[in-house]
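Here the sequence shown is numbered in our numbering, starting from 110 and rising by one per residue.
Hints were generated in silico from the structure; no laboratory data involved.
Glycine residues also receive a C-beta, built at the ideal position from the N, C-alpha and C atoms.
Check each hint, because a few of them may be wrong.
[Stated by the list, open to error] Within a straight-line C-alpha distance of at most 20 Å, the following computed PhoX-like cross-link-like pairs (lysine-lysine) qualify:
| hint | residue 1 | residue 2 |
| --- | --- | --- |
| 1 | K147 | K159 |
| 2 | K192 | K181 |
| 3 | K199 | K210 |
[Unchecked claim] Cβ pair distances, simulated, as ranges:
| hint | residue 1 | residue 2 | range |
| --- | --- | --- | --- |
| 4 | S197 | S157 | 33 to 43 Å |
| 5 | T169 | E198 | 41 to 51 Å |
| 6 | R146 | F123 | 48 to 58 Å |
| 7 | V133 | T189 | 49 to 59 Å |
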Amino acid sequence: MSDHDNFGSFFSGFLFGGIAGAVVALLLAPQSGEETRKLVKEKSIELSNKATHYADEVFTQTEKTVGEVATKTTEFIDTTIQKASEVSEKGQVILESKKEKAPAPKKKTKAE
Numbered sequence: 110m111s112d113h114d115n116f117g118s119f120f121s122g123f124l125f126g127g128i129a130g131a132v133v134a135l136l137l138a139p140q141s142g143e144e145t146r147k148l149v150k151e152k153s154i155e156l157s158n159k160a161t162h163y164a165d166e167v168f169t170q171t172e173k174t175v176g177e178v179a180t181k182t183t184e185f186i187d188t189t190i191q192k193a194s195e196v197s198e199k200g201q202v203i204l205e206s207k208k209e210k211a212p213a214p215k216k217k218t219k220a221e
């Protein structure tokens with residue numbers, strides 16, 4: 110779970126860092142308005158592509174994790190069912206053995 114949290118933190122930091130870097134570059138660059146607009150367009154496309162790439166990675170990682178959880182859950186359920194069946198069988202054997210060893214019930218007499 111920690112790896113997922115680290116990836117989310119990295120992604121957020123990357124996104125905010127990219128935006129901050131683009132703003133600083135625009136404010137400090139001595140360019141004409143047309144050049145600045147062109148630069149903004151290029152940087153926004155670049156940032157959009159990177160965001161799409163990381164979103165795809167997040168989706169892929171999430172899909173993988175869901176698959177792993179489903180597999181482990183299925184294995185756990187199968188193991189639990191198997192153990193419950195074994196316990197039930199042992200319980201039946203013990204019950205039958207106790208029935209065989211138990212004395213026969215006494216017949217009631219008229220005095221009782």
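Consistency of the hints with the structure:
1. Under the criterion of a C-alpha separation no larger than 20 Å, the hint pairing K147 with K159 is consistent with the structure, at around 18 Å.
2. A C-alpha spacing of about 16 Å is found between K192 and K181, which places the hinted pair at or below 20 Å, so the restraint holds.
3. Using a Cα cut-off of 20 Å, the hinted pair K199 and K210 holds, with the two alpha carbons roughly 17 Å apart.
4. Roughly 59 Å separates the CB atoms of S197 and S157, a value that falls outside the hinted 33 to 43 Å.
5. Between T169 and E198 the beta carbons are some 44 Å apart, a value that agrees with the proposed interval 41 to 51 Å.
6. Take R146 and F123: their Cβ atoms lie about 25 Å apart, and the range 48 to 58 Å is violated.
7. With their beta carbons about 57 Å apart, V133 and T189 fall inside the hinted range of 49 to 59 Å.
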